[in-house]
Amino acid sequence: MPMKIRPALRSDISAITALEYETYSYEGYPATFIAQAIMQWPTLCIVAEDKQGDILGYALYAPADQAGSCWLMSLLISTNARGQGVGRALTVFGQSHLKELGYTRCLLTVAPENKAGIQLYESLSFVRLDFIEHALGKNEHRYLMAQAL
Numbered sequence: 001m002p003m004k005i006r007p008a009l010r011s012d013i014s015a016i017t018a019l020e021y022e023t024y025s026y027e028g029y030p031a032t033f034i035a036q037a038i039m040q041w042p043t044l045c046i047v048a049e050d051k052q053g054d055i056l057g058y059a060l061y062a063p064a065d066q067a068g069s070c071w072l073m074s075l076l077i078s079t080n081a082r083g084q085g086v087g088r089a090l091t092v093f094g095q096s097h098l099k100e101l102g103y104t105r106c107l108l109t110v111a112p113e114n115k116a117g118i119q120l121y122e123s124l125s126f127v128r129l130d131f132i133e134h135a136l137g138k139n140e141h142r143y144l145m146a147q148a149l
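Numbering-wise (the UniProt record's numbering), the sequence shown opens with residue 1 and increments by one.
Read the hints as simulated data drawn from the structure, not as lab findings.
Owing to the predicted nature of the structure, the values given are computational and were not obtained by experimental measurement.
Don't take each hint at face value.
[As the list claims (entries may be wrong)] For each label pair, taking beta carbons as the anchor points, the in silico distance ranges come out as: (1) Ile-132 - Thr-43: 16 to 22 Å; (2) Lys-115 - Leu-9: 28 to 34 Å; (3) Leu-136 - Asp-65: 16 to 22 Å; (4) Thr-43 - Gly-137: 28 to 34 Å.
Idealized CB from N, CA, C, for every residue including glycine.
When you get a sec, could you build the whole thing from the sequences and use the hints?
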């Protein structure tokens with residue numbers, strides 16, 4: 001699928017927030033959080049858009065407390081764009097961009113039932129470090145994964 005990957009802009013906030021709520025309903029990141037993320041980490045929030053300029057997906061990275069490490073906080077793809085390489089393109093672009101910024105390691109957590117996400121991350125050299133029970137609340141378990149950049 002033809003797409004352009006670029007840094008997120010303030011004008012993308014409503015589209016990114018819509019992706020959050022499409023995926024997570026009321027538990028998605030609100031517009032105020034997305035706006036703050038774009039202001040605080042302007043090079044760490046990226047979007048994929050189609051040739052009409054519609055947002056297909058986004059990735060949000062944030063610095064970790066360990067020097068040289070960052071977190072992939074969110075990777076969301078629009079329902080109608082899933083399975084078309086958007087997540088892979090955003091992640092590969094993100095990896096390259098993070099290396100340019102001097103990061104050496106990327107961390108993430110993923111739900112065990114997110115088989116497509118786990119398969120994507122493992123195909124891009126992320127490894128499982130731990131299984132964290134109730135990481136995001138009761139019965140919200142996660143794998144902790146990491147990748148050397």
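Hints and how they fare:
1. Ile-132 - Thr-43: 16 to 22 Å: Given about 28 Å between the Cβ atoms, the range is violated.
2. Lys-115 - Leu-9: 28 to 34 Å: 32 Å, holds
3. Leu-136 - Asp-65: 16 to 22 Å: 19 Å, holds
4. Thr-43 - Gly-137: 28 to 34 Å: 31 Å, holds
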